[in-house]
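Student: Sequence:
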Amino acid sequence: MSLTKAQIVENIQDQTGLTKIKATETVETLLEIIKASLSGGENVLVSGFGKFCVKEKKKRKGRNPATGDEMMLDERRVVTFKCSGKLRDKIN
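Residue numbering for the sequence shown is 1 to 92, as defined by my numbering.
These are computed hints drawn from the structure, not numbers from a lab. In this text, all values refer to a predicted model and were calculated from it rather than measured experimentally. Glycine included, C-beta positions come from ideal geometry on N, C-alpha and C. Be aware that one or more of the hints could be misleading.
[As the list claims (entries may be wrong)] As a list, the in silico DSS-like pairs of lysine-lysine whose alpha-carbon atoms are at most 30 Å apart:
no., residue 1, residue 2
1, 61, 82
2, 5, 86
3, 59, 82
4, 86, 55
[What the hints assert, rightly or not] Pair by pair, the computed Cβ-Cβ distance ranges are:
no., residue 1, residue 2, range
5, 70, 16, 28 to 36 Å
6, 91, 5, 15 to 23 Å
7, 92, 5, 34 to 42 Å
8, 74, 17, 42 to 50 Å
9, 66, 45, 35 to 43 Å
10, 16, 71, 48 to 56 Å
11, 2, 78, 19 to 27 Å
12, 6, 33, 34 to 42 Å
13, 82, 3, 13 to 21 Å
14, 27, 47, 13 to 21 Å
15, 42, 11, 22 to 30 Å
16, 27, 59, 17 to 25 Å
17, 1, 81, 15 to 23 Å
18, 53, 2, 36 to 44 Å
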């Protein structure tokens, strides 16, 4: 099961004593800052957690899985995540 945004808001509310509205605003603001940075091509490093990186993918050959026809896939940007050593140690 995945941790949802609503659960994050609830955890912040419980741990900090903030109202639900303030906790929601905090989470939304944080996510908007991260989204704006990534869409601007900047990487986002959260110390002790990990790094979100924007990578450029070049134009490449692919195929349509339904028909098997070959096609060219356009250039695009993707977001990758690399967890920190501390997070990796905590998970394992």
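Student: All the hints need checking, so say for each whether the structure fits it.
Tutor: Going through the hints against the structure:
Using a Cα cut-off of 30 Å, the hinted pair residue 61 and residue 82 holds, with the two alpha carbons roughly 27 Å apart. A hinted pair counts as satisfied when its Cα atoms are at most 30 Å apart, and residue 5 with residue 86 qualifies at roughly 23 Å. A distance of roughly 24 Å separates the Cα atoms of residue 59 and residue 82; the hinted pair therefore holds under the 30 Å criterion. For a cut-off of 30 Å, the pair hint linking residue 86 to residue 55 stands: about 24 Å separates their Cα positions.
The hinted range of 28 to 36 Å is not satisfied by residue 70 and residue 16, whose Cβ atoms lie roughly 54 Å apart. The beta-carbon spacing between residue 91 and residue 5, approximately 21 Å, falls within the hinted interval of 15 to 23 Å. Distance hint check: the CB atoms of residue 92 and residue 5 are about 26 Å apart, inconsistent with the given range 34 to 42 Å. For residue 74 paired with residue 17, a C-beta distance near 48 Å keeps the hint of 42 to 50 Å intact.
Between residue 66 and residue 45 the C-beta distance comes to about 40 Å, which sits within the given range of 35 to 43 Å. The hint said 48 to 56 Å for the Cβ distance between residue 16 and residue 71, and at roughly 50 Å that hint holds. The hint said 19 to 27 Å for the Cβ distance between residue 2 and residue 78, and at roughly 20 Å that hint holds. Our hint of 34 to 42 Å for residue 6 and residue 33 is violated, since their Cβ atoms are close to 20 Å apart.
At about 19 Å, the CB distance of residue 82 to residue 3 agrees with the hint of 13 to 21 Å. Separated by about 19 Å at the C-beta atoms, residue 27 and residue 47 satisfy the suggested range of 13 to 21 Å. Roughly 27 Å separates the CB atoms of residue 42 and residue 11, a value that falls within the hinted 22 to 30 Å. The given range of 17 to 25 Å is broken by residue 27 and residue 59, whose C-beta atoms sit roughly 37 Å from each other.
Between residue 1 and residue 81 the beta carbon distance is about 19 Å. The supplied range of 15 to 23 Å therefore holds. For residue 53 paired with residue 2, a C-beta distance near 22 Å fails the hint of 36 to 44 Å.
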